[in-house]
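Chemist: If you read the sequences in order, they're chains A and B. Position 10 of the first sequence, counting from 1, maps to 9 under numbering that gives the first Met the number 0, and the rest follow consecutively. Position 245 of the second sequence, counting from 1, maps to 244 under numbering that gives the first Met the number 0, and the rest follow consecutively.
Each computed SDA-like pair below joins lysine to any residue, with the alpha-carbon atoms no more than 25 Å apart: (1) B:LYS160 - A:GLN81; (2) B:LYS46 - A:ASP112; (3) B:LYS46 - A:GLU86; (4) B:LYS75 - B:GLU61; (5) B:LYS46 - A:ARG115; (6) B:LYS160 - B:ARG265; (7) B:LYS46 - A:GLY72; (8) B:LYS43 - A:ARG104; (9) B:LYS45 - A:SER69; (10) B:LYS43 - A:PRO55.
The hints are simulated quantities; they were obtained by calculation from the structure and are not laboratory data. In this text, all values refer to a predicted model and were calculated from it rather than measured experimentally.
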Amino acid sequence: MNAEALDIDTLLQNLADCLRRQIETRRLRDPLLVGIHTGGVWIAERLRERLGIETPLGRLNIAFYRDDFSRIGMHPEVRPSQLPSTENRDVILIDDVLYTGRTIRAALNELFDYGRPRQVILGVLIERDGRELPIQPDCVGGRVSLGPDQRIKLTGPDPLKLEIHTVEAP
Amino acid sequence: MSCVLQLDAGGRLRHFLTVEGLGRDWLERIMDTAESFESVAVQKVKKVPLLRGKTVVNLFFETSTRTRTTFELAAKRLSADVLNINVAVSATAKGESLLDTIRNLEAMGVDMFVVRHAESGAAHFIARHVAPHVSVINAGDGRHAHPTQAMLDMFTIRRHKRDFSRLTVAIVGDILHSRVARSQIHALNTLGAREVRVVAPRTLLPVAVERLGVRVCHDLDAGLEDADVVIMLRLQKERMQGALLPSEREFFRCFGLTAARLRRARPDCLVMHPGPINRGVEIASEVADCSRSVILEQVGHGIAIRMAVMALTLGAVQG
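Here chain A stands alone, though its shape is the one from the complex:
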């Protein structure tokens, strides 16, 4: 898929369809939808309507769980996580872009500090190459192949838009 094909509505529909199937086949009970701050929360808000989930949305800020704190320090705008107990819950974890896998690793660590979930399903709007950890999504809206000097970013919340930037190599 190239950048021109990144239509948000289509990606959201693909992701919602896949999650609906997962909810059925894995027999999720009253799933807790959790978005990772900030893009993941925007996506989760839209999915909540499409999936008809009534439980309030969980918001996860992984800033305190990042593995690069000693290199980059505190993020200037840290918003607190808002999450009920995850003990024995079925959790659907949502992020906008899956890249290295480090954000998801941190998010899983944080989820477990709120309790031990029964199971966690990972859904991402867009998956790209460049994984540094063995983490794979259960559901994706779409996939894109990018070079190591390219980054994909979701801007929003209204309208939601995916942008591809070229960055200088470190």
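Following the hints, put chain B in place on chain A, whose structure we already have.
Modeler: Frame of chain A; chain B shown alone:
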């Protein structure tokens, strides 16, 4: 001078020694960060891995159970390893110099010193001599500063009142010997409080205290008039023996906060105290325990503020 020492070349907070000279943006950032740390207290596992692998030493040359405990809990909630050293009964008592103590601890891989000392400037002195990767937090030095206490007080006020520019704050009691009051005054002025009043007998006020940007009142009733926040300070018992005050009873009669006196303040006035409180000396029991009192809330906020300061300072140095 303090700012030069506290902020590194990139403008990041390397040490936290005093509120004086720190910009409003920094004070707000500390409070914002503390707000986000409050969610840690509701997690099943009350811990985040931010300072995993870091070692924090509580270096207390003066005993203070409450302050040391909140620093210890804050460091542990950030997953740091914590050492508590009561210096009064350790190496310096055997003749080792302060710098030798610091260097020995540094050699053990310490990343942060939390320092409480009876001498003003002790934390600054240590900050000037530590290795580049080490941060220093002032947990109270002499009559000079107690910046984390002031920040938790500001955090408590902001939680209830939001807009500092509308606030009249009365600080009541022993201003002369209070490092807390000095830090509070600097913080309130930086945050733009409409009026800061200090209320005390002449013997317990520093010379030319007006230069700190406060209005002076020697009468509690006048000092409380339409106040939005009243901060009572702790009266040290030794001040009675120092002939600065006639008696505890007399102090309470003139400057003790009672329910009747509190009626002079605004109906939604917050009652604060840095603790530990002397009931019946600075404050009547019924006021300390009333619905307007946020004294216990202040203690809880102390952990979040200290977590924020530790994370911001250690996040500014290379690990």
